[in-house]
Amino acid sequence: MTDESLAVQMHGITKRFPGVLANDRIDFDVRAGEVHALLGENGAGKSTLMNVLAGLYRPDAGELVVRGQRRDFRSPRDAIGQGIGMVHQHFMLVDVQTVAENVILGLGRPAFFLNMSRIAKEIAELAEEYHLPVDPQAYIWQLSVGEQQRVEILKMLYRGADVLIMDEPTAVLTPQESERLFDTLRLLTAQGKSIVFITHKLNEVFAVANRITVLRDGRVVGTTTPPETSEEDLATMMVGREVLFHIEKEKVEQGKPILEVQDLRAQNDRGLPALKGVSFSIRRGEILGIAGVAGNGQRELAEVLTGLRKATGGHISIQGQETTNRSSREIIQRKVSYVPGDRLGEGLIPNLAVDDNQILKDYCQPPISKGPFLIFSAIDSLAEKLIAAFDIDTPGPKTLVRLLSGGNQQKVLLARELYVAPNLLVAVHPTRGLDIGATEFVRQRLLEQRTEGTGILLISGDLDEVLALSDRVAVIYEGEIMGVMPAAEARIATVGVMMAGGERTQQQGATT
Amino acid sequence: MKLFDWIDVKLEKRLAPSRVVNILVPFASLGLALLIGAVLLLIAGVDPIATYGAMLQGAFGTPEQWLQGDFYNLSETLVKAIPLMLCGLGVGIAFRMLFWNIGAEGQVAAGGIAAAGVALTWGSTLPAPLVLPAMIVAGFAAGALWGLIPALLKAYLRVNEIITTLMMNYIAILLVEYLYYGPWKDPKGWGFPGTAEFVEAAWLPRLPGTRVHLGLLLAVLAAAFIWLVLSRTKWGYEIRVIGENPRAARYAGISLVRNVVLVMILSGGLAGLAGMAEVSGIAHRLQTGLTVGYGYTAIIVAWLARLGPWRTLVVAFLFAALLVGGDQIQITMKLPASIALILQGAILFCMLGGEVFTQYRLRWRVRRPVVE
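Residue numbers (our numbering), protein chains in the order written: chain A, 1 to 512; chain B, 1 to 372.
Some hints could be false.
[As the list claims (entries may be wrong)] Simulated crosslink set (DSSO-like; lysine-lysine; CA at most 27 Å straight-line):
#1 B:Lys234 with A:Lys385
#2 A:Lys335 with A:Lys251
#3 A:Lys249 with A:Lys335
#4 A:Lys335 with B:Lys234
#5 A:Lys370 with A:Lys398
#6 A:Lys370 with B:Lys234
#7 B:Lys13 with A:Lys398
#8 A:Lys276 with A:Lys310
Bear in mind the hints are in silico, worked out from the structure with no lab data behind them.
The structure presented is a predicted model; accordingly, all values stated were derived computationally and were not measured.
Just chain A, same shape as in the assembly (with noise of 0.2 Å):
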């Protein structure tokens, strides 16, 4: 317990959010002088322990060791006073003020009387110590992404911080200032401070870890060092195939193609290309399945195809007719539904009851709707259609949609999105977060969807899935289409590392 050469220790931490279990016991140390990679999918529970370390959540079970003393922070100025600062993956700079004043602001001192130039040149001092070069008057607003990480590394280090912790430090990154930052926290822990790395890149593992603790669920899988493992391990540890489930498929006759997409780019929510020339096309009765880590331009694609997001370029059809940069309504009367993959935050309204949220997408045209007027008659009936046809466990159709369990919300979705016979179907993990039940009973529903005819694109983190109930998969990286290959002949090592990024030449072998 108070071995000396651990900066950090944490034993037993659970975090237990409405609904979710972010951290499940996970117990997790941090050497002096090391960089440990924490790695994990989207939603493993990896920023939420961080978050714990750093004094923004206060776990509701276990201990906290900081050099062999045990700590109970409240905020995150009381882990800085023990030296553990983070670096957030999204920014938490003030635009219109200089690189020192952000790195002073909400500091206890100078306690009256500001010297802004003697602080400069400190700032400026401690740059040049380790080698991240910024100009301390500079206003933050004039500074690249790159540069303004290197002022949120120079906020912890002035306010003495002997662990940094990164959150996903190079998602907003360039190579080449990926390779700069690498350097930096290579100098830092050889002065003895240490980091914890947060990131789902397999590459960047190697370049630069020392150990490597992987989460899944919440829960550690296991805690490996470089030379002891190799890129299709870890894939292996992230998604975790022991959970791979056995589904039957049945043979269906595949129709004409229903969706076809050519040389499709847009942009996300920062400006920055997402989907850079993607393409393929989905047959009737066919569901291809996109594997990827998150944030390589899944739910980008996902919004372009249902007119949420703006294509820059390319083409998407639906049934041989042009929809690309169709208004969503207009998407939406061709029959294509889709189940988004934040379904209270984007697919549902928690807030108003289940057969409110199952007339969101036809409440404008008969029968549930004549002239101005609801028909609550015809709402009604088809409430109870649903709730039956598709077992959704309520106490009525004016339940609020937030009080259900969450497999239960996402039944009252699929039901909405399904019931329509729909021609095109876009789901983005639809089984995140439910129970197995509710995952079995989702999976099932997909694959009824298919037998009828419908062509389903599944977006999924979880890459059994995508490839038990695949037809055909393709994996995205960055924004483009690695390769695609039928799910019968994807091997998961192989598809993990084309997901990293690795090799794409492995690829092409498989497509043709």
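Let chain A serve as the given structure and place chain B on it in line with the hints.
Frame of chain A, contents of chain B only:
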């Protein structure tokens, strides 16, 4: 905060609102406010119970008065309630959609200007039965226009509506002053700031013996209309979806632009009607006293009513009672105006603060001591 190191207190969101709590909280809040007020009154050397009695009597009258057919106090409360009702309904429908219209005050002014304009220009030339309908239409339209400008700026340019609706207030209020001090000033008014009195055809009919005017009916009709829209129509469904989850609205193909525009026409229009009713039902001219803060008070009214149209009518009435009762104790109890304001403030503060407990519950646990 060292003092509280041994205990953890946090607010936890209630999963489902509790009916009992929803009823209990307002009463408990009121009780606490009256207690705070009582302490203040005692410090000021006045009997709190007598003061509260006087407030009640000032707002509603006494049973003896009612038996004699004297409803003066009650009717004055209703008079004050009418603009609060109309404005409260107006801002409430906008808030439903998360459009923060704090410009009801300006929309009142715009409605008053338009109604006065119609009355002064065509009051004696239009056939008498058409004068009032024309003023109602003009008042609504002007208020709607005043609300529409920020709506369009928001819908197309994403300009923050809190700023624009507020700024539009100053424009309208100053415009009213300019008009009755300047071009519309009554030449026979001995320099008094105000327009000439309207012809009688431009007066909203009153309940005999009181100043309660037809605006009350307009407010009730407006509440009924909003209730119908929200609970029975496609449009109301869209408003509810946007208000509860704008991303889901976008996902379903609901047009935010169209709804922002339509809702603000209704919202501004209702506030405009309040302005028309004040001008035509009470003052019979455009003069000082049109914009005395109804538009701002209505924001509180709408929230206390939790944006429900019928509840808005009730809360507006009770709020008016608070205002009238407060005014009355200045006269009957010879209390300074500031005491009345403090009492009103204490009641509001507690009512609004108490709202937290309908949404959250207080949780505490004693902390284990930490071994350093």
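Now the hints, each set against the structure:
1. Taken as a hint, the Lys234 of chain B and Lys385 of chain A pair is honoured in the structure, with Cα atoms around 21 Å apart against an allowance of 27 Å.
2. For the hint pairing Lys335 of chain A with Lys251 of chain A, the CA-to-CA distance comes to about 24 Å; that is within 27 Å, so the pair holds.
3. This hinted pair checks out: Lys249 of chain A and Lys335 of chain A have alpha carbons roughly 24 Å apart, not beyond 27 Å.
4. For the suggested pair Lys335 of chain A and Lys234 of chain B, the alpha carbons sit about 21 Å apart, so the restraint of at most 27 Å is met.
5. Our distance criterion of 27 Å between C-alpha atoms is met by Lys370 of chain A and Lys398 of chain A, whose separation comes to about 21 Å.
6. The hinted pair formed by Lys370 of chain A and Lys234 of chain B meets the criterion: a straight-line CA distance of about 9 Å does not exceed 27 Å.
7. For the proposed pair Lys13 of chain B and Lys398 of chain A, the alpha carbon gap of about 21 Å is at most 27 Å, so the pair holds.
8. A threshold of 27 Å between alpha carbons decides the hint, and for Lys276 of chain A with Lys310 of chain A the separation of about 14 Å falls inside it, so the pair holds.
In the structure shown, no violation is registered for any of the earlier numbered hints.
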